[in-house]
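S.K.: Each chain, written out:
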Amino acid sequence: DAGVTQSPTHLIKTRGQQVTLRCSPKSGHDTVSWYQQALGQGPQFIFQYYEEEERQRGNFPDRFSGHQFPNYSSELNVNALLLGDSALYLCASSRSTGNYGYTFGSGTRLTVV
Amino acid sequence: KNEVEQSPQNLTAQEGEFITINCSYSVGISALHWLQQHPGGGIVSLFMLSSGKKKHGRLIATINIQEKHSSLHITASHPRDSAVYICAVRFSGTYKYIFGTGTRLKVLA
Chain A
1 DAGVTQSPTH LIKTRGQQVT LRCSPKSGHD TVSWYQQALG QGPQFIFQYY EEEERQRGNF
61 PDRFSGHQFP NYSSELNVNA LLLGDSALYL CASSRSTGNY GYTFGSGTRL TVV
Chain Y
1 KNEVEQSPQN LTAQEGEFIT INCSYSVGIS ALHWLQQHPG GGIVSLFMLS SGKKKHGRLI
61 ATINIQEKHS SLHITASHPR DSAVYICAVR FSGTYKYIFG TGTRLKVLA
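Residue numbers (our numbering), protein chains in the order written: chain A, 1 to 113; chain Y, 1 to 109.
Since the hints were made in silico from the structure, they are not lab data. Hints should not be assumed to be uniformly reliable.
Once the Cα atoms are required to be at most 25 angstroms apart in a straight line, the calculated SDA-like pairs of lysine to any residue come out as [to be verified]:
| id | chain 1 | residue 1 | chain 2 | residue 2 |
| --- | --- | --- | --- | --- |
| 1 | Y | Lys-68 | Y | Asn-22 |
| 2 | Y | Lys-68 | A | Gly-42 |
| 3 | Y | Lys-68 | A | Gln-41 |
| 4 | A | Lys-13 | A | Gln-44 |
| 5 | Y | Lys-106 | Y | Asn-10 |
| 6 | Y | Lys-106 | A | Gly-40 |
| 7 | Y | Lys-54 | Y | His-69 |
| 8 | Y | Lys-106 | A | Ala-87 |
| 9 | Y | Lys-106 | Y | Ser-45 |
| 10 | Y | Lys-54 | A | Arg-95 |
In this text, all values refer to a predicted model and were calculated from it rather than measured experimentally.
Bound conformation, chain Y alone:
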């Protein structure tokens, strides 16, 4: 069964803290997305990864294909980073993405 697991489910941090959100999946993939969703809002794609590491501003995403694991890091977190972060995976041989349950992040000022 193709599965995507995220941890933690909920995360509260103080402004300025370094944050890590993890995503594990069960079988080989073609691509992995990290997405951000604000309450009541649509989804924004932050990164698409198939290997290695990507950085955009204070956000860093890494993927380890052998370990079937990806992480999203936020450096110097800010209250505006408060959102739900979702890992979405496209497994090899399929067109659809399977979404993790999301990590609800709240950054306190």
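For reference, chain A alone in the conformation it holds in the complex:
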């Protein structure tokens, strides 16, 4: 039983470009959350998707957008990349019913140059 799968694992982009990160949730999970972890800091909540809609959003600008597909997988899109967007982006999946236990992916490390 695969856990949460994120792709790619590493990515280098140029300032101003756009990037798409992908997440496949753990089997049986229907909710996907995205977090940004800057170097030396704790993860910060970006948003959560459930039933293909953004259910809750953290304090991130509109440059950060997402999508959830009918198979529960999700994408995180970041437009007009800034140097400060360099971070580890974590995806976590959970089941909407029950005790909301999280399973984390290994993350995508984005470097903006």
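Dock chain Y against the given chain A, drawing on the hints supplied.
M.R.: Just chain Y now, with coordinates in the frame of chain A:
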């Protein structure tokens, strides 16, 4: 304001020592996770707690709902336990988790 505080921030121990990491939070919660993160690596969930105590191998996690406090204990610590340990809390009425700043543990052989 919903806050999560961890202590200590850094911890160095000798192999075999008993280790305790603490997490305090400000208001009522739905769930609390203890997570482990190795340098440059992703996050692994160790425990999810809403009450009581859980044990897995040498790791024990406890939570006291009334005192709004949780502890992670490592018995017979080993150098491979060296990592950052993070407490993450989901406050009542919200879907997101708030993460503590983490405790950087180094176990020396």
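S.K.: Now tell me, hint by hint, if it's right for this structure.
M.R.: Outcome of the hint check:
1. Y:Lys-68 - Y:Asn-22: Given pair Lys-68 (chain Y), Asn-22 (chain Y) holds - Cα atoms ~11 angstroms apart, limit 25 angstroms.
2. Y:Lys-68 - A:Gly-42: Holds, at roughly 20 angstroms.
3. Y:Lys-68 - A:Gln-41: holds (23 angstroms)
4. A:Lys-13 - A:Gln-44: Between Lys-13 (chain A) and Gln-44 (chain A) the Cα gap is close to 21 angstroms, so the pair holds against 25 angstroms.
5. Y:Lys-106 - Y:Asn-10: holds (8 angstroms)
6. Y:Lys-106 - A:Gly-40: Holds. Lys-106 (chain Y) to Gly-40 (chain A) sits at ~16 angstroms (cutoff 25 angstroms).
7. Y:Lys-54 - Y:His-69: Given pair Lys-54 (chain Y), His-69 (chain Y) holds - Cα atoms ~15 angstroms apart, limit 25 angstroms.
8. Y:Lys-106 - A:Ala-87: holds (24 angstroms)
9. Y:Lys-106 - Y:Ser-45: holds (19 angstroms)
10. Y:Lys-54 - A:Arg-95: Roughly 21 angstroms between the alpha carbons, so the hint for Lys-54 (chain Y) and Arg-95 (chain A) holds.
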